[in-house]
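Sequence lines, in order, name chains A and B. Residue 66 in this note's numbering sits at position 66 of the first sequence, with consecutive numbering throughout. Residue 182 in this note's numbering sits at position 182 of the second sequence, with consecutive numbering throughout.
Please keep in mind that the hints were generated in silico from the structure rather than gathered at the bench. Here the structure is a predicted model, which is why all the values come from computation and not from measurement. A portion of the hints provided could be inaccurate.
BS3-like, lysine-lysine: derived pairs with alpha carbons at most 30 angstroms apart [as the list claims (entries may be wrong)]: (1) A:56 with B:706; (2) A:56 with B:474; (3) B:474 with B:499.
To give an idea of the chain A side of the interface with chain B (calculated C-beta under 10 angstroms), a few residues [stated by the list, open to error]: (4) 25; (5) 89; (6) 113; (7) 147; (8) 164.
Beta carbons are placed, not taken as given, at the ideal position from N, Cα and C, and that holds for glycine.
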Amino acid sequence: MSAEDIRMLSSEELYVYRGEGGVLQGIVDGKTYHELLIFLTFPMRYTSEYVSIRTKDGNELGIVRSLAGLDRDSAAVLKEEIELRYFLPRVTKIESIKQRSDLWFWELQTHLGSIRIIMRNLHDHIQFPGGDRILLSDLDGRRCDIVNWRQLDAHSQRLLRDIL
Amino acid sequence: MVDELPEIFKSQLSEDILFNVKTDLDTQGMLAAQWLAITHGDVTLWQEKAEPIKRIGIEEIKEARAVSNIGSGMLVVETTTNGPIVIARYTSTLSTAMSFAAKLITALAQGEQLPVATKGDIPRYCSTCHSPMKEGTKTCEFCLSKKYAALRMLGYLKPYKFKGILALGLLILSTIVELIPPFLTKIIVDDVLQPQQPGTLFVIIIAAWALTLLVMSSMQALRGYIGVAISSKLMGDIRKDVYQSLMKLSLAYFDRRQTSQFISRVNSDAESMRQFMTDGVIYIAGHLLRFLFILVIIFSMNWKLTLLALVPIPLLVFLSISIWPKVGRRLYQQWRAIFRLNMQVGDTLQGIRVIKAFGQEKSELVRYNNANEEVVHHDMRSEKMWQLFFPAFGLLTSLGAVLIWYLGGYQVLSNELQLGVLLAFVAYLGMLFGPIQWLSQMISWTSRAMTASHRIFEIMDTPADVADHPDAVKVPNIKGDVVLQQVTYGYEKHYPVLKDINLEVKAGEMIGLVGHSGAGKSTFINLLCRFYDVDEGVITIDGVPIRDIEQTELRRQIGVVLQETFLFDGTIAENIAYSKPDATPEDIMRAAKIANAHDFIVRLPDGYDTRVGERGHKLSGGEKQRVAIARAIIHDPKILILDEATASVDTETERQIQEALANLVKGRTTFAIAHRLSTLRNADRLVVLDRGKMVELGTHEELLEKEDGVYRKLVDAQMEMSKIKGVGS
Numbered sequence: 001m002s003a004e005d006i007r008m009l010s011s012e013e014l015y016v017y018r019g020e021g022g023v024l025q026g027i028v029d030g031k032t033y034h035e036l037l038i039f040l041t042f043p044m045r046y047t048s049e050y051v052s053i054r055t056k057d058g059n060e061l062g063i064v065r066s067l068a069g070l071d072r073d074s075a076a077v078l079k080e081e082i083e084l085r086y087f088l089p090r091v092t093k094i095e096s097i098k099q100r101s102d103l104w105f106w107e108l109q110t111h112l113g114s115i116r117i118i119m120r121n122l123h124d125h126i127q128f129p130g131g132d133r134i135l136l137s138d139l140d141g142r143r144c145d146i147v148n149w150r151q152l153d154a155h156s157q158r159l160l161r162d163i164l
Numbered sequence: 001m002v003d004e005l006p007e008i009f010k011s012q013l014s015e016d017i018l019f020n021v022k023t024d025l026d027t028q029g030m031l032a033a034q035w036l037a038i039t040h041g042d043v044t045l046w047q048e049k050a051e052p053i054k055r056i057g058i059e060e061i062k063e064a065r066a067v068s069n070i071g072s073g074m075l076v077v078e079t080t081t082n083g084p085i086v087i088a089r090y091t092s093t094l095s096t097a098m099s100f101a102a103k104l105i106t107a108l109a110q111g112e113q114l115p116v117a118t119k120g121d122i123p124r125y126c127s128t129c130h131s132p133m134k135e136g137t138k139t140c141e142f143c144l145s146k147k148y149a150a151l152r153m154l155g156y157l158k159p160y161k162f163k164g165i166l167a168l169g170l171l172i173l174s175t176i177v178e179l180i181p182p183f184l185t186k187i188i189v190d191d192v193l194q195p196q197q198p199g200t201l202f203v204i205i206i207a208a209w210a211l212t213l214l215v216m217s218s219m220q221a222l223r224g225y226i227g228v229a230i231s232s233k234l235m236g237d238i239r240k241d242v243y244q245s246l247m248k249l250s251l252a253y254f255d256r257r258q259t260s261q262f263i264s265r266v267n268s269d270a271e272s273m274r275q276f277m278t279d280g281v282i283y284i285a286g287h288l289l290r291f292l293f294i295l296v297i298i299f300s301m302n303w304k305l306t307l308l309a310l311v312p313i314p315l316l317v318f319l320s321i322s323i324w325p326k327v328g329r330r331l332y333q334q335w336r337a338i339f340r341l342n343m344q345v346g347d348t349l350q351g352i353r354v355i356k357a358f359g360q361e362k363s364e365l366v367r368y369n370n371a372n373e374e375v376v377h378h379d380m381r382s383e384k385m386w387q388l389f390f391p392a393f394g395l396l397t398s399l400g401a402v403l404i405w406y407l408g409g410y411q412v413l414s415n416e417l418q419l420g421v422l423l424a425f426v427a428y429l430g431m432l433f434g435p436i437q438w439l440s441q442m443i444s445w446t447s448r449a450m451t452a453s454h455r456i457f458e459i460m461d462t463p464a465d466v467a468d469h470p471d472a473v474k475v476p477n478i479k480g481d482v483v484l485q486q487v488t489y490g491y492e493k494h495y496p497v498l499k500d501i502n503l504e505v506k507a508g509e510m511i512g513l514v515g516h517s518g519a520g521k522s523t524f525i526n527l528l529c530r531f532y533d534v535d536e537g538v539i540t541i542d543g544v545p546i547r548d549i550e551q552t553e554l555r556r557q558i559g560v561v562l563q564e565t566f567l568f569d570g571t572i573a574e575n576i577a578y579s580k581p582d583a584t585p586e587d588i589m590r591a592a593k594i595a596n597a598h599d600f601i602v603r604l605p606d607g608y609d610t611r612v613g614e615r616g617h618k619l620s621g622g623e624k625q626r627v628a629i630a631r632a633i634i635h636d637p638k639i640l641i642l643d644e645a646t647a648s649v650d651t652e653t654e655r656q657i658q659e660a661l662a663n664l665v666k667g668r669t670t671f672a673i674a675h676r677l678s679t680l681r682n683a684d685r686l687v688v689l690d691r692g693k694m695v696e697l698g699t700h701e702e703l704l705e706k707e708d709g710v711y712r713k714l715v716d717a718q719m720e721m722s723k724i725k726g727v728g729s
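Here chain A stands alone, though its shape is the one from the complex (with noise of 0.2 angstroms):
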């Protein structure tokens, strides 16, 4: 087994755009992909940067060290593609807290518009992943993120707090 490097790309050797289908193309180190993955290596911490580029089978071609320095238009694409693969709604207010039987309600507004998630219990679905960030999880596995708590309107924090 020979333990090779991580490839960095750099901006001339990415240039991704978005085929008519909708899905995401490109051109790594002069080849042309009819469909490229993304994978965000740290996506918690690293929203914009450490992007792993990978063919539709899931081989690494690289990663792209931020997106802020690759050329606008492929930035804006990739920008675009985190987006749509890491569903992570960011939560703008809540608009209610529910507990009925045992089962928990949350009424949400996010940037992607307005949705409803279900938690069995607090204590598995709610993570503090540091500062005043809060990670929701439902019973299906999808996510919203409060970035932090603190400058939720004053509704939303009480009903925060009530809980938390």
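Dock chain B against the given chain A, drawing on the hints supplied.
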């Protein structure tokens, strides 16, 4: 309820709908509803407006696939002219439905037989809460008419209803008796302690008083005695139920959770529930009864004063109601803080070797302190609330008493009221409001019990992922033919770890499973044992799908020697006879002999009676392994699963283990995860797994011949490693 395609869209389709689903994201990834319909001719997508936003003819499509993203997914079709096209996006709630849609479209495009949607493929929604419903359930698990937790808790009292009724009767009686002394006070003051009264009445009254006290105490003792009898049994019942539910749950449930958390659930949560049901119920019922009785008595004595005394009641009720939900939530917070602390301790103690090896005791201490501080914080928060609550209650009730003294005293002075009545009144009032803690105590106990019962019922209500089919069969004598057909499985929904595995194994054959770590070898084995159910495809034993075989029956036919040998707390003999408690000493020795374990066991001071496990004798890795092999031998399974240990053992031990294994596999269908070449040579065929797919199948020699084969590379790499080791040693 299945989401029907709205009529306005349906009318646009000329053919029958094969499958339709309502998505929850639009193509830009925003949360919105779109409708997808698949017919023989095309795939169509609508959003709100009548005009479809996408329509692709089946003839243009080569294949379709559901791509899982994180928390979401997309349905992609590969077209002949325009390359890949994203048809629809959805959150992970719809992954199963979309996987089916992809399969259906592919089958249509390639002219294959159309897949039939199982119940699990079609998303169904509960008509009241609109939550998706799980496969095989008729009622929504969210709305399932769960009996209100308190009622359900009280259901545990059922077997003890006679004792309970007796206790309640005693309670009512003792409550009434308790109310006698103040009344006697009234008589003594108003009628007896008068100058012209004879002394005999006084003595009688005092004697009655003493008798009352005696009766009251003995009734209390008797009631307490019954209470203890009920409560201990009750606690046992709850613990038994929780444990039973835990045993019923599938492995997947435990994979996602830290096991030490259950210890507290089984014990402390059950204790909170018990406290509520025995002490709590009696306490609350007693005080409520007393409250009502006193109310009647004082009302009959002087209704005006009674009304006055009741002035603070509405305020008290209001205070209690407003504080109630807060108490529940704070208690849950407190529970969570303790839960996190417990988890951390569990974690740390399990990993104590690693912590010591890396010298991280200090940082662990910091982690612990942080969690500990959180518990302290929450403790203080809920206690502080009580500290405010008690005095507020006290103040309100004392105000009532002050009012009574003022007005009642006035009436006594103006001869409108007898002094005895006032004294009795004040005494009753003291009994009514005096131990006002009972209200807060009641809130505290009830809330604690509710919090605990939610956690406990949560375990009991979790459906087992791998459940026995209602018509499951027994398979007493199997031959051991195993067939895997198009088996696909992923631990996380729709992230398959094994993909489309097809394999036919004849009875008695030995199959070696080879591949890099993470290739899917252990998953393969887990599926064979049916620790998890396959997502797609079927596994059969002698032609019977394993889903249709009773689980206990299935496991009886399968023997497992796992990489991590776990020996239970008990003797070596008990461990060997784990699956066959009625094994004779000869059986046990014979099995140990075949497993090459007999000699080392006999050399131990306590022989087969040596205690092993957590608190017992420490066996070496190789010894444990051989005990585990003996355990599998005595089990005498037709199908054997070996997950070979990677732990380095010396050559002699390795030889002994190999020999033991060779004895074990004779005449059994064997699946072995093999790490050493020596084991691989014994295998009849090797299955090479790579990223969840079966990439090669054949004998050791056949596979070695493939120049560029995965197996060949693995073997070369291992040779290389042993060379390095050779140089190093």
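Right, here's what the structure says about each hint:
Distance restraint check for residue 56 of chain A and residue 706 of chain B: the Cα-Cα separation of roughly 26 angstroms lies within the 30 angstroms cut-off, and the hinted pair is therefore satisfied. Distance restraint check for residue 56 of chain A and residue 474 of chain B: the Cα-Cα separation of roughly 45 angstroms exceeds the 30 angstroms cut-off, and the hinted pair is therefore not satisfied. With a C-alpha separation of about 29 angstroms, the suggested pair residue 474 of chain B and residue 499 of chain B falls inside the 30 angstroms cut-off, and the hint holds. Because the closest C-beta pair between residue 25 of chain A and chain B is about 8 angstroms apart, less than 10 angstroms, the hint holds.
Restraint check, residue 89 of chain A versus chain B: the minimum CB separation of about 7 angstroms is within 10 angstroms; hint holds. Hint on residue 113 of chain A holds. Least Cβ distance to chain B is approximately 3 angstroms, under the 10 angstroms limit. A least Cβ separation of about 16 angstroms between residue 147 of chain A and chain B goes past the 10 angstroms threshold, and the interface hint is therefore violated. About 7 angstroms separates the beta-carbon of residue 164 of chain A from the nearest beta-carbon of chain B, less than 10 angstroms, and the hint is met.
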